[in-house]
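Engineer: What follows is each chain in one-letter form.
Number of protein chains: 2
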Amino acid sequence: MTGDKVVLVMVGLPARGKTHIARRLARYLSFFHAVKVEVFNVGEYRRKFCGNFVPAEFFNHDDERSVALRRQCSAAAMEDMKRYIGEEGDARVAIFDATNTTRTRRSWVIRQLKELRIKVIFIEVMCEDEKLIDENIRAVKLNLPDYAGMDPEQAVEDFKRRIKQYEKVYESIDVVVERNLSWMKIVDCRRFTINNIRGFLPGRIVQFLMNLHTTPQDIYMSRHGQSEYNLLGKIGGDSGLTPDGEEFARQLADFAETKIMRNADGQPVAARLWTSSLKRTIDTAQFIPHPVIKVAWENDDVQGELQDWIQMRQKQWTNLDELYAGVCDGMTYKEIEADYPDEFARRQADKLAYRYPRGESYLDMMHRLEPMIHEIERIREPVMIIGHQGVLRVIYAFYMGLPREQAPYVSIPLNTVVKLSPHTYGCSEERSNLMPNFSSRPDGQKEPPPFGSQSQSFDFMEPPSH
Amino acid sequence: MTGDKVVLVMVGLPARGKTHIARRLARYLSFFHAVKVEVFNVGEYRRKFCGNFVPAEFFNHDDERSVALRRQCSAAAMEDMKRYIGEEGDARVAIFDATNTTRTRRSWVIRQLKELRIKVIFIEVMCEDEKLIDENIRAVKLNLPDYAGMDPEQAVEDFKRRIKQYEKVYESIDVVVERNLSWMKIVDCRRFTINNIRGFLPGRIVQFLMNLHTTPQDIYMSRHGQSEYNLLGKIGGDSGLTPDGEEFARQLADFAETKIMRNADGQPVAARLWTSSLKRTIDTAQFIPHPVIKVAWENDDVQGELQDWIQMRQKQWTNLDELYAGVCDGMTYKEIEADYPDEFARRQADKLAYRYPRGESYLDMMHRLEPMIHEIERIREPVMIIGHQGVLRVIYAFYMGLPREQAPYVSIPLNTVVKLSPHTYGCSEERSNLMPNFSSRPDGQKEPPPFGSQSQSFDFMEPPSH
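Residue numbers (this note's numbering), protein chains in the order written: chain R, 32 to 497; chain C, 32 to 497.
Treat each hint with caution, since some may be false.
Any copy, or any two copies together, can satisfy a pair, since identical chains are not distinguished.
Below 30 Å or equal to it, Euclidean Cα-Cα: the simulated BS3-like pairs (lysine-lysine) are [what the hints assert, rightly or not]: (1) K162 x K191; (2) K162 x K450; (3) K113 x K216; (4) K382 x K145; (5) K195 x K382; (6) K145 x K191; (7) K365 x K162; (8) K216 x K36; (9) K67 x K310; (10) K216 x K162; (11) K162 x K195; (12) K191 x K290; (13) K346 x K113; (14) K145 x K346; (15) K199 x K290; (16) K67 x K216; (17) K36 x K310; (18) K346 x K67; (19) K199 x K162; (20) K113 x K365; (21) K365 x K216; (22) K172 x K67; (23) K79 x K310; (24) K162 x K67.
Calculated from the structure, these hints are not laboratory results.
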């Protein structure tokens, strides 16, 4: 029974953000929906078969030899994909990441997958805004192995010639002729047409893609300053900050003002400020100013004409509240171990799925954090999230490409701002300890060894090994 | 702070299904998302001001007097809507249900709402398929007070003349000129264009609308036959059927074959068969045949060319599993009362929110039933759901327009098929007791007084009292 399997087929000229969309979507499906998904990027097969650098002329659709070679790369990727989605029982989603810009090509894809009786959904990515294309070439394509060691301007020129070759034969998905296919068109990440796509998982995919954009965006996150409960080693509750915690709040305001709310030129930048609904995060945000900044958001959600000025918007989300420990709320880990030894052992055995009596599990929390990820993807501005250890672990693990099982063990120390910069091929990270002299940390949590060092980056550039 | 409020503005010619979509959406948002929502239907204001029957000429856009009168109706609806969404603190969504078919009209709506700084999303409903329009006129419009007591054919003619008046001035939302607005176009409930819509609640709205269709569809539901645990008065577990339960399974198969899988002419009809993942529902479905029926689904999710034959498709959903009672699973209510008196009292006090230790609450269960509602809305065929008391209560309460707080008290007796036929203005219900002589029912549940009689219908036709 393959009825629930889906093959997503990317369509579009180069530098439209297809790979970015494919990879981010794959990450989202596997982390939040525990869906097995793989991306088959034809470009990686080309690099494997033909070497890293091939000139733009290689993409000339009149040159028979290179057309044949490129066909061969597609065919190899297709064969691997068919094996994966058809034969691996738990495989749910495959993404065929290539240009597929002609109708003939798309018919070929359908014929290939017909015998497997798997749902095929085309995702066409288009840009009406030339600026976006240029940005995408510079941000992503220049880092490809294709252009290693080449002069950037020369590389941009080469890449634009490559695009021109594709433009000659490009046929956008036709609303009439291809009306019986299932497809989604994404124009400038702001207009979407969805044709004949139904079902639960496809619905989640469409919803996620409607929030996605390709503009680079930084995510800053920090736990609240030290709380009274931290000091007593108690978990949960809704206590206020200690003097140390308040000191951190002041340091954080300074950090936000100088590092987040200004760009490299010192110009004010609109940003978002999110806290949970608990006192200790709201108090940690108290000194961060909310200036009114003039902005012109072309693509924002408010009607264009209404919006001229924007504030550093502060928002409290119950979704960001700490994992609720139910009957254990307000206890120390020692007390839990003594009073509920069974619970304690159960939690040790499976920290991800363990649900506190009348409380939550990490999986429950992930469920309420999923909409937050949609929200982070949706906004264009940098965002500062003042949260709690548990929730930040999940957000961190999602962006840093960790398997969901590792999420409950991520180290998110107090007094530290973690800056995440997700990009097409992974995410880079920078940690700033704002109170290096702070030492007393009897908050009852045994700190696991941190993943990596102070500043690291996660990269899943390698083509999957098929 | 009104940032999270949304006004949805319907756009489209008469008989496109605007009101159906508006009402079903409102029901979904209030029941599953606890969002306060109201529909402002300008047609209802017209009927209030001008009486039930006005001839098609009333809708002539050249007749100054009737244009002025219709303006007055819109203005009154708009004023009420502004008061509701602007002043009622917990109001989240308002739906302005009118034709709004000209650009001038849509600008007026935006100007009206500008001062409130509320997000406005237009929802345009279009039909390329004339058949759908005809069906909609006959199914919905002939039941309007406008046509009470009139000859149906004459009424259809009148309604078509009314549509013609609107067609003269109709301007569909323009992809270029109106590109800065937020809008969604729905064509034949199969192609959707979404422009500039972002955010969590708008995303859920778009997803729900993408599953909705206007084809009438029946939902049959039944609890599993009597299980061994029922007989012992125990809750939960995964026991098999008693001999009585098996007898019900045979009766149900007969019912399905004669009443669900054949239309009024005795022709075979494709249908869906859903059970939970628990033994007692799967066993209850065991005698229902799965014939292969030739169908041509124009709008189904499988690629058109692949699909010729369809089976009465049986699917097992964990989403349909009974409310999980955690540590109380397998106990009788008496035992729970004796062993966990606090729990028992807490459950009595708030049955909707009460969560069993390491188990679920009704709210938890509603959360996993939400995707099932999307799924029911999505499919076009009749569906037979063999489930459990708790899950069926929620589905029933949703379709019958009950407040979520009443869901845990709905009566869903054993051995009974409940047929729900939702329509634009409510839902009608028909109950068939397949084992009228079955009496022993010591399943430990105190049966609450049932809502209404054996066969009833729920109707929310009345205009809201503003």
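Engineer: Pop the pair K67 and K310 into one bin, within, between, both or neither, using alpha-carbon distances up to 30 Å.
Structural biologist: between (39 Å within a copy, 27 Å between copies)
Engineer: At most 30 Å between alpha carbons: which applies to K191 and K290, within, between, both or neither?
Structural biologist: neither (35 Å within a copy, 63 Å between copies)
Engineer: Have a look at K199 and K290 and pick one of within, between, both or neither, based on CA distance no larger than 30 Å.
Structural biologist: Result: close neither inside a copy nor across copies, 45 Å intra and 57 Å inter.
Engineer: Check K145 against K346 for me: Cα-Cα at most 30 Å, and say if that holds within a copy, between copies, both or neither.
Structural biologist: The answer is between: 23 Å across copies meets 30 Å, while 48 Å in one copy does not.
Engineer: How would you label the pair K216, K36 (within, between, both, or neither) given a Cα cut-off of 30 Å?
Structural biologist: Classified as both; 21 Å inside a copy, 28 Å across copies.
Engineer: Is the C-alpha distance from K365 to K216 at most 30 Å within one copy, between copies, in both cases, or in neither?
Structural biologist: Cα proximity of K365 and K216: none, with 55 Å in one copy and 58 Å across.
Engineer: Is it within, between, both or neither when you check K216 against K162 at 30 Å Cα-Cα?
Structural biologist: Close inside one copy (19 Å) and across copies (27 Å); limit 30 Å.
Engineer: Reference check for the pair K113 and K216, CA-CA at most 30 Å: within, between, both, or neither?
Structural biologist: Within. Shortest intra-copy distance 24 Å satisfies the 30 Å Cα cut-off; inter-copy 35 Å does not.
Engineer: Reference check for the pair K172 and K67, CA-CA at most 30 Å: within, between, both, or neither?
Structural biologist: within (27 Å within a copy, 47 Å between copies)
Engineer: Using 30 Å as the alpha-carbon threshold, which applies to K162 and K450: within, between, both, or neither?
Structural biologist: This pair counts as within: shortest intra-copy Cα distance 26 Å, inter-copy 56 Å.
Engineer: Within a copy, between copies, both or neither: where do K79 and K310 come within 30 Å Cα-Cα?
Structural biologist: neither (54 Å within a copy, 50 Å between copies)
Engineer: Cα distance capped at 30 Å. Does K145 pair with K191 within a copy, between copies, both, or neither?
Structural biologist: Classified as neither: same-chain Cα gap 35 Å, cross-chain 43 Å, threshold 30 Å.
Comparing the model with each numbered hint stated earlier shows that hints 4, 5, 6, 7, 12, 15, 20, 21, 23, 24 do not hold.
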